[in-house]
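Here the structure of chain A is known, so what remains is to put chain B in place on it, guided by the hints.
Below, each chain spelled out in residue letters.
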Amino acid sequence: MKYWQRIAASLALLAGMTGMAPAFAADNGKQEQIEKSQAQDAICTRCHDHNEQKPVLSIHKTAHGVKADGRTPTCQSCHGTSEDHVKNSTNASERPAVDRFGPKAKSDRPKDVQACVACHNSGKRSHWQGSAHEKADVVCTNCHQMHTQNDRVRNKATQPEVCFACHKEQRAQYTRPSRHPIKEGKMACSDCHNPHGSAGPTLMLRDSVTATCYTCHMEKRGPFVRSHQPVQEDCSICHNPHGTTTPNLLKARPPFLCQQCHEPSTHQGRNASLTGTATGANTLARGCLNCHTNIHGTNNPANINNERTMRR
Amino acid sequence: MNSIITTRELFAIGVACAAVLVSSSASALDAAGAEKLARQEGCLRCHGIDRAKDGPAYKEIAAKYKGKADMEAKLISHLSSGRKVKFEDGHEEEHKIPKTKDPEQIKNLIQWILSL
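Chains as they are written, first to last, in the numbering used here: chain A, 1 to 312; chain B, 1001 to 1116.
Honestly, the hints are just simulated from the structure, not real lab data.
No incorrect hints appear here.
Cross-link-like lysine-lysine pairs, in silico, DSSO-like; alpha carbons within 27 Å at most: (1) LYS1086/B <-> LYS87/A; (2) LYS1107/B <-> LYS54/A; (3) LYS1101/B <-> LYS54/A; (4) LYS1084/B <-> LYS87/A; (5) LYS220/A <-> LYS156/A; (6) LYS251/A <-> LYS186/A; (7) LYS54/A <-> LYS1053/B; (8) LYS1084/B <-> LYS1099/B; (9) LYS36/A <-> LYS87/A; (10) LYS36/A <-> LYS1053/B; (11) LYS1096/B <-> LYS1066/B.
Counterexamples of contact, computed for chain A against chain B with all Cβ distances above 10 Å: (12) GLY102; (13) VAL117; (14) CYS143; (15) GLN229.
All of these numbers come straight from a predicted model, not from anything done at the bench.
Idealized CB from N, CA, C, for every residue including glycine.
For reference, chain A alone in the conformation it holds in the complex:
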């Protein structure tokens, strides 16, 4: 190797090492953080190890247990330092409970929620305060399981069973013949509801029932030349989204459903028939939708009798 080549190689090596130094420093910093976190956990895992009846160490298989990520918690981040519990300050047979997520009074539940919200504070949870679940004293751990790899409520296939533990009416409805594909695992409760609170009614994902339904059923949104008012107002006037025994999730079978609003002043009030004049015909069985095919709204510009016929 020539002299100038040696000089160039040495300079290149030096430059390379200078560049690597910050990387080593960063690695050292991370290692330090990991060791500090493990030392914190060790205070608890000294007693609560693999012999626990409910698995606790399995939290290290979850996102919460990724030690290389500085944002992840230690045991103390969620349960508090719990010094009375660690030292057994009373020297009694039963240790004092941990600061958070222990068997505690109802009044302490908001503290448990705060422990989670301190990190999980995105806009998806901004309506928690005052929401139906908050008012019913539900806390995060009523639905979520922290120490397991598979949090049932975050899995689309198992989530409904978690919700149905309290919402028993919906458990009965979702097995009815006309329903959303929840049993098949294609939909879950959280596709329509935000259990962490929302600006809409019944914890709807969007700001209203219609806005939530339109996210999938966008062909019903319009705008239409002729609008059917309930469609714009609230889909659940005619449908029960959790399941019914009538086709298309309808709450009752037409014409009975339709006649709840449309008083029998025209052909609805006539004797059921499949023949006769336009006002008297086709009221037999599910007759309404035979003619009023575009019940969610129509763009037909023709004014057939009147503008509210919802016909093609």
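Relative to chain A, chain B alone:
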């Protein structure tokens, strides 16, 4: 023929077998049940099976007390009285009293510890 077992003899053998089975099941150690109870009651938070934690390892206890007279009764009394135990740093705490009040379960637990 003399070799044929009569009905009365067959009945006697059946009764004898049943008696043996009942007596053996009554005194048999249910190791799985004992370990499950130890987990349920949180015993294994302070005692390891084969390694010392805040309390001595169960194998250590077994080695110390196995074969000694009345040890089973003494250990049952130790468990149910909640008397003070001394820690390495010198402080004392009440020993945890199991929540179960079934004497058979506690006896089985002690027998399991002594069998280790």
